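Chains W and R, in that order, give the protein sequences.
So the first sequence is numbered by our numbering: it starts at 1 and just counts up by one.
So the second sequence is numbered by our numbering: it starts at 1 and just counts up by one.
It should be emphasised that the hints constitute simulated quantities derived from the structure, not laboratory data.
Among the hints, erroneous ones may be present.
[Claimed, not checked] With beta-carbon atoms standing in for the labels, derived distance ranges:
#1 R163(R) x G99(W): 36 to 46 Å
#2 L569(W) x K151(R): 34 to 44 Å
#3 L569(W) x A155(R): 52 to 62 Å
#4 G469(W) x L105(R): 23 to 33 Å
#5 P213(W) x R163(R): 55 to 65 Å
#6 L309(W) x D63(R): 36 to 46 Å
#7 G162(R) x L507(W): 30 to 40 Å
#8 S495(W) x Q159(R): 38 to 48 Å
#9 P306(W) x P94(R): 24 to 34 Å
All figures in this text were calculated on a predicted structure; none of them were measured in a lab.
Where is the CB? At the ideal position from N, CA and C, for every residue including glycine.
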Amino acid sequence: MNWNNIIQITVFLVVLILAVKPLGTFMACIYEGRPIGLNVWLGPFERWIYQACGVRSGTGMTWKEYAVALMLFNILGIMVVYAIQRLQAFLPLNPVGMGAVSPASSFNTAVSFATNTNWQGYGGESTMSYLTQMLALTVQNFVSAATGMAVLVALIRGFVQKQTKTLGNFWVDLVRTTLYILVPLSMVLAIVLVSQGTPQAFCASALTTLVQPMKDGAGKPVTEQVIALGPVASQLAIKQLGTNGGGFFNANSAHPYENPTPLANFLEMLSILLIPAALCYTFGFMVKDRRQGWALLAAMLVIFIPCLLWSVQSEQQANHVLAHLGVDQAASAFQPGGNMEGKEARFGIASSSIWSVATAAASNGSVNSMHDSYLPLGGMIPMWLIQLGEVIFGGVGSGLYGLIAFVIVAVFIAGLMIGRTPEYLGKKIEVYEMKMASLVALIPHIFILMPAALAVLMPSGKAGILNPGAHGFSEILYAFTSAAGNNGSAFAGLSANTPFYNIALGLGMFFCRFWLIIPMLAIAGSLSAKKIVPGGVGTLPTHTPLFVVFLAMVILIVGALTFFPALALGPIVEQLILNGV
Amino acid sequence: MFREQIRPAIMIFIVLTVITGGVYPLIVTGMAQVFFHKQANGSLICPGGGQCVGSTLIGQNFDDPKYFWGRLSATTPAYNASASSGSNLGPSNPALAASVKARILVLKAVDPGNQALVPVDLVTASASGLDPHLSLAGVNYQLARVAGLRKLPEAAVRQVVGRNMSGRFLGLLGEPVVNVLKVNLALDGLKPASQP
Numbered sequence: 001m002n003w004n005n006i007i008q009i010t011v012f013l014v015v016l017i018l019a020v021k022p023l024g025t026f027m028a029c030i031y032e033g034r035p036i037g038l039n040v041w042l043g044p045f046e047r048w049i050y051q052a053c054g055v056r057s058g059t060g061m062t063w064k065e066y067a068v069a070l071m072l073f074n075i076l077g078i079m080v081v082y083a084i085q086r087l088q089a090f091l092p093l094n095p096v097g098m099g100a101v102s103p104a105s106s107f108n109t110a111v112s113f114a115t116n117t118n119w120q121g122y123g124g125e126s127t128m129s130y131l132t133q134m135l136a137l138t139v140q141n142f143v144s145a146a147t148g149m150a151v152l153v154a155l156i157r158g159f160v161q162k163q164t165k166t167l168g169n170f171w172v173d174l175v176r177t178t179l180y181i182l183v184p185l186s187m188v189l190a191i192v193l194v195s196q197g198t199p200q201a202f203c204a205s206a207l208t209t210l211v212q213p214m215k216d217g218a219g220k221p222v223t224e225q226v227i228a229l230g231p232v233a234s235q236l237a238i239k240q241l242g243t244n245g246g247g248f249f250n251a252n253s254a255h256p257y258e259n260p261t262p263l264a265n266f267l268e269m270l271s272i273l274l275i276p277a278a279l280c281y282t283f284g285f286m287v288k289d290r291r292q293g294w295a296l297l298a299a300m301l302v303i304f305i306p307c308l309l310w311s312v313q314s315e316q317q318a319n320h321v322l323a324h325l326g327v328d329q330a331a332s333a334f335q336p337g338g339n340m341e342g343k344e345a346r347f348g349i350a351s352s353s354i355w356s357v358a359t360a361a362a363s364n365g366s367v368n369s370m371h372d373s374y375l376p377l378g379g380m381i382p383m384w385l386i387q388l389g390e391v392i393f394g395g396v397g398s399g400l401y402g403l404i405a406f407v408i409v410a411v412f413i414a415g416l417m418i419g420r421t422p423e424y425l426g427k428k429i430e431v432y433e434m435k436m437a438s439l440v441a442l443i444p445h446i447f448i449l450m451p452a453a454l455a456v457l458m459p460s461g462k463a464g465i466l467n468p469g470a471h472g473f474s475e476i477l478y479a480f481t482s483a484a485g486n487n488g489s490a491f492a493g494l495s496a497n498t499p500f501y502n503i504a505l506g507l508g509m510f511f512c513r514f515w516l517i518i519p520m521l522a523i524a525g526s527l528s529a530k531k532i533v534p535g536g537v538g539t540l541p542t543h544t545p546l547f548v549v550f551l552a553m554v555i556l557i558v559g560a561l562t563f564f565p566a567l568a569l570g571p572i573v574e575q576l577i578l579n580g581v
Numbered sequence: 001m002f003r004e005q006i007r008p009a010i011m012i013f014i015v016l017t018v019i020t021g022g023v024y025p026l027i028v029t030g031m032a033q034v035f036f037h038k039q040a041n042g043s044l045i046c047p048g049g050g051q052c053v054g055s056t057l058i059g060q061n062f063d064d065p066k067y068f069w070g071r072l073s074a075t076t077p078a079y080n081a082s083a084s085s086g087s088n089l090g091p092s093n094p095a096l097a098a099s100v101k102a103r104i105l106v107l108k109a110v111d112p113g114n115q116a117l118v119p120v121d122l123v124t125a126s127a128s129g130l131d132p133h134l135s136l137a138g139v140n141y142q143l144a145r146v147a148g149l150r151k152l153p154e155a156a157v158r159q160v161v162g163r164n165m166s167g168r169f170l171g172l173l174g175e176p177v178v179n180v181l182k183v184n185l186a187l188d189g190l191k192p193a194s195q196p
């Protein structure tokens, strides 16, 4: 850890926290329908959409109706993305002439983008036509993010309303999120990224002459470089803002076109956490007690900041194996030093490690360095953050509703300690809520550990491994962790574009998205029907530092205890072996 | 409950597809092409408006000793700008140590007199396989070799390097780096001194 590392971490955190209040307020106004510039100006257009689509925007939906609308919309999305990939060879905007994507890969990608995971079994620039990237993938980047935020808003209404059956209208929440929040922010970010060097063009690849001709692996001379281009910036912006993470190019945000400069890197990294952090404030604003929002954000930071420090510190270390070969890995004014395999020179250690922690915490899953090449303990941090349930920031909307499930668990445990019916924000937490919250907390665990255990037993699971030994196990564990957390990052050495992994991971992503959304909506419906009980002397205050630490501990105990044995077999044993060299 | 949501589901899907998959990327493309034409088309380097020789953001493979070499690239062939990829080798993988060792041997073979430790980014693969940059340490390590082979004073080469360097953003973010392709292009444009 050197001074510049600390400065980069500090600048990142300060700018992030400064953005929370303005954006959080803006989003709350959008959802509450208060006039705030954009929604006045575009209001007639919004109303025209409802009219044209047959949406009765004034009518609320019960939680079951909300869930049905959401599932219909998302399954339709999966089918359309699947169809476009299978048919892209016959569709326009395919200047490079990409063929049809295989059925298993198309299924995986369709589920992946519709569930806000954006796991990529394919290489973007060598698989997808421009039409597929825009009309299938970019669209899902927006609407999957908007779906998560809609569920969160429905849940917040559950706390705010009393004795009401309905949770608002899914179509209205979906359209408002897309139209007023995601599209405007993306547009601004996309233009800034283009100014830094991210391409946005519809021409085919550029053909350039190499300065120094070279020979390829077979000894044939190579004199030209074919540079893949495309409408990159527009997809990139929402990929970061919507915690999607699916890159235009195979190398994702490490590709110099996706992430050209340190400034671009900083803004993209900020965009990863921007909406999840600001939604905490939106929550506080809408439940009319902003301290509650700040407390949730604080609980996230209590876990996030140590992970940041740990990761940067870990990657700044030398790899002992390379030190023996006469490699200079010490940080100096002339080089970042540390573990540079799989990292870009312009990002060095700090900007790469901060990104890896942010992208894992936020269920984003884009990478600007290859997590597979991290030192064992550095690579363990992202994996573990996903295993905590994607509630430390988490996906847009999904992170915060997941965290609220943990809050319910936490107040329940606290209630047991003092023998009182637990309550949160004036709503009694009873058996039904507790059952649903437990489902949300535990379903991802099942979908990580069981398939990972199966994969290491099956030849088709083991076939994908790149790195030998304990690291190979980490690759498989990370893959199922990423799918279940709807994250999308990978230990990318694993060859996951096979029927086995495409289908197994696809199912994991699907169930861990919608099997959590439905219980959360059930909680929202149940809470909404309850009375609001005024707090008394026996009420546990949920905005105090005590509660923040208590909540963080509940998350840590649930996550850490479940996964410690698996992590011990992967990254922990690998670090011990490396130390012994 | 189910049937009455089918029409809104299909219609909203179509409207949002048009907005986010059509209108939005087209507006961004229009603005990008007007305001940032060069960047939007890949920041290509086309001397005199003729045949392009590369992009300032995409590295190229150099293994001729009179050029500065960049990062190792895990793509096939190296620096394949249509199939970006990292090596994904884990820290304990013997293949990583072997690849580093091989690179060190080649570097020593073209510069036998150089006894310094080799900077880490010169012997490791970048994440994208297209990294156009190298740290100052990586450039300094090769400076004497390149200057010697080109019969140029070291100070002149150092000047070229300095012109193609970018610092941290605001002195805080990222790392100071040298653009290897730009330096090599600039060196090709220099005349060697008549007598060394």
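Hint by hint, here is what the structure shows:
1. For R163(R) and G99(W), the hinted distance range of 36 to 46 Å is satisfied, since their beta carbons lie about 45 Å from each other.
2. In this structure the hint that L569(W) and K151(R) lie 34 to 44 Å apart at CB is violated, the actual value being about 58 Å.
3. Checked against the hint of 52 to 62 Å, the pair L569(W) and A155(R) passes, with Cβ atoms roughly 56 Å apart.
4. At roughly 26 Å, the beta carbons of G469(W) and L105(R) sit within the given window of 23 to 33 Å.
5. The hint said 55 to 65 Å for the Cβ distance between P213(W) and R163(R), and at roughly 26 Å that hint is violated.
6. In this structure, L309(W) and D63(R) meet the distance hint of 36 to 46 Å, their C-beta atoms being roughly 39 Å apart.
7. The supplied range of 30 to 40 Å is broken by G162(R) and L507(W), whose beta-carbon atoms lie about 55 Å from each other.
8. Remark: the range hint 38 to 48 Å for S495(W) to Q159(R) is upheld by a beta-carbon distance near 47 Å.
9. For the pair P306(W) and P94(R), the beta carbons lie near 33 Å from each other, so the given range of 24 to 34 Å is met.
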